[in-house]
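*Asks:* Chain by chain, the residues run as shown.
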Amino acid sequence: MALKIIVSQCTVCGACEFECPNAAIRMKGDTYIIDPKKCTECLEQFDEPQCAAVCPVPNTCVPAN
Amino acid sequence: MSAAMLSLDSLLASPVSMEEMRAKLEGGGCSSSACGSSAKPDDVPQAVWDKIKDHPCYSEEAHHYFARMHVAVAPACNIQCNYCNRKYDCANESRPGVVSEKLTPDQAMRKVITVANEVPQLSVLGIAGPGDSCYDWKKSKATFEAVAREIPDIKLCLSTNGLALPDHVDEIADMNVDHVTVTINMVDPEVGTRIYPWIFHNHRRYTGYEAARILHERQMLSLEMLRDRGILVKVNSVMIPGINDDHLVEVNAWVKERGVFLHNIMPLISAAEHGTHFGLTGQRGPTAMELKALQDKLDGGAKLMRHCRQCRADAVGLLGEDRGQEFTLDQLPEEVAYDPAKRVAYREVVAHERGDHVAKKQEVETEIRALGVEGKLLVAVATKGGGRVNEHFGHAREFQVYEATPKGITFVGHRKVDTYCLGGFGEDATLDGVIAALEGVEVVLCSKIGDCPKDSLKAAGIRATDQYALEYIEAAIGALYAAEFGHAVTDRKLALSA
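Residue numbers (the working numbering), protein chains in the order written: chain X, 1 to 65; chain S, 1 to 498.
I should point out that these hints are in silico values taken from the structure, not numbers from a laboratory. Here a beta-carbon is modelled for each residue, glycine too, at the ideal position from N, C-alpha and C. One thing to keep in mind: the hints can contain errors.
Subject to a maximum C-alpha distance of 30 Å in a straight line, what follows is the list of computed DSSO-like cross-link-like pairs (lysine-lysine) [what the hints assert, rightly or not]:
{"id": "1", "chain 1": "S", "residue 1": "K87", "chain 2": "X", "residue 2": "K38"}
{"id": "2", "chain 1": "S", "residue 1": "K416", "chain 2": "S", "residue 2": "K376"}
{"id": "3", "chain 1": "X", "residue 1": "K37", "chain 2": "S", "residue 2": "K416"}
{"id": "4", "chain 1": "S", "residue 1": "K87", "chain 2": "X", "residue 2": "K37"}
{"id": "5", "chain 1": "X", "residue 1": "K38", "chain 2": "S", "residue 2": "K138"}
{"id": "6", "chain 1": "X", "residue 1": "K28", "chain 2": "S", "residue 2": "K87"}
{"id": "7", "chain 1": "S", "residue 1": "K87", "chain 2": "X", "residue 2": "K4"}
{"id": "8", "chain 1": "S", "residue 1": "K384", "chain 2": "S", "residue 2": "K454"}
{"id": "9", "chain 1": "S", "residue 1": "K138", "chain 2": "X", "residue 2": "K28"}
{"id": "10", "chain 1": "X", "residue 1": "K4", "chain 2": "S", "residue 2": "K138"}
Computed footprint of chain S on chain X, listed as stretches where at least three residues anywhere in the stretch have a Cβ under 8 Å from a Cβ of chain S [said to hold, decoys possible]:
{"id": "11", "stretch": "7 to 13"}
{"id": "12", "stretch": "54 to 63"}
Using the sequences and the hints, build the whole thing.
*Replies:* Structure below.
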C-alpha cells in the first residue's frame, strides 16, 4: 500500500515533500521519490493522500500497483 | 544640459566604475537640498514615502532609478489558477511565474550578493513565484534571513495568493518585510469558480464554490492583518475579459476599504503554447486600450499602479530590462562577499539627480495648467532609465506611455515591443508589430530615429521625433504639448534645459 510519483510529469515543486505526514518523500537526484516502506497512503491520518491532494499535475501521485 | 543629467546617464551604461560615480558627484549642478525640493509627492505621508521611495514597484517615480531582483526559492503552491501552468519553464519568456532555474536559499543568497556587487541600482529583493512564498514558507524565510544578515538595507518583498499568509503574518512583520503583494482576482466566489479550479487548505483539496469562498475569506483576512501591522500592501489583479473585467471595479472598492496602498491591474497573458487552461480554451487577454479604459474607470478608487512590467519570477534589473541571464547559477562564484561601495555611491548620485528631476516636473505641471488650453495627447517615450528621453527608437524593448492633459502629465503604462533594430538593420515585419503596439499613441519621443522608420510611422499616423533627446520626459512632453495646442513657448520655465 503505497503511492508513487510519475517522474516524467513531476514539476519538482516539493509541496508533497512537506505535506507528507510520514516523511516518506525525499529528493533523489533531480526528482522526488516516495519510500513505499513509509507511505501509508495517509489512511487513518487524512481523508485523502496529501501528496496527491496538493500535487499540481493530475495523475502524478498514483497508487504504486 | 546640466552636469547632473550626464552623470546619471553614464551610470546606466555598464559597467559602472566607482571613480566615475565619484567624479560625477563632484560635478556640481542642482542638488536636491540646494533646490529645496524633495521627490516626495504631496499626497503621500512621509512615513509611507520612506518605505516606497526606493521601491521600483511601489513608486512610479522610483522605477526610473531603482532595480529589483526576484529569486525563485519557493516553488510549491497551494492553489491552481487557470492562467498558470506549473510545468512551464523557459528562458525566453517574460511573464509572471516563469523561471529557468529554481534556487535553494543558499544559492539565492549568493545570487543576491553577486547582483548587489554588480548592479548598483538594486534596492529590492522579492520572492514572486513560481509557487507561493507564504505556502512554501520555510524556504522563503530562510532566504530572507540569510540575505538580510549580509545586506541589511535591502528591502524585502513578497508576493502571495494570501491563502497561507495569515499563518505567517507575525513572522513576516518580525523580519521587516514591509511590502507584500497579494494577487486578488475576485471578491465574489461565483466569479472565483471560473478562475480557480482548486485550492489546498487544512490538509484537503477544495474545489468549486467552496474553494473560491475560502480563498476569498483568507485574502480579505490577509489584507486586514497586514494593514494592522503597518505593512504596505499592493494588490495584483489579472484582468480576464468576460470573466472578471467588470468585476474588478468591485475588487478595487473592497481593497481600498482594507487600506491597500496600490492596486495593479495586469492584463491576462494567454496563448495556447503556454499550456494553461485559459490558453488551451482560447481565453484572450485584454488589449492595451481595454486595459487603459478599465484603469481610467478606477481613477479615484484605490491608487493604481500603471508601470508594472509583469516580470519573470527570476528577473534582475530595472523594471524595463531583465539582466537575469547574466546571473544564472553556473555564473555565480562559489564564494561571495558583499561590497556595499557601488550601491552607496549610486544612491548619492540619485539623491542628487532626483531632486532636480522632480523640481523640473513640478515646473512643467504648473506651466501646463497655466496654459489654460483643452486637449489630450498620448505620447510614447523610449527611455533606458533616469527619467530621460534617452533610448534609440530601434533599441527600445518597450515604450513608456504618458498622457498630457490640461491637468498635467501622467504615466499611464508601457507597451512592449520587439526591438526594431537588429545589428543596424531595421525589419519591416517588426515595425508592423511596433505600430500595432503603439495603438492610440500620437507622438513617439526617442533619442534617435532613422528616416525610414520615421516615414513608416508617419504613414500609420504616428509622429516620431528625436528633437527632445536627453531631456527629462516631462519637460519634453510639456514642450510638445504647448507647441501642439498652438501656444508659443515663451515662458522660460517651459523652454527646455538644453
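*Asks:* Honestly, which of those hints from before does the structure not fit?
*Replies:* 3
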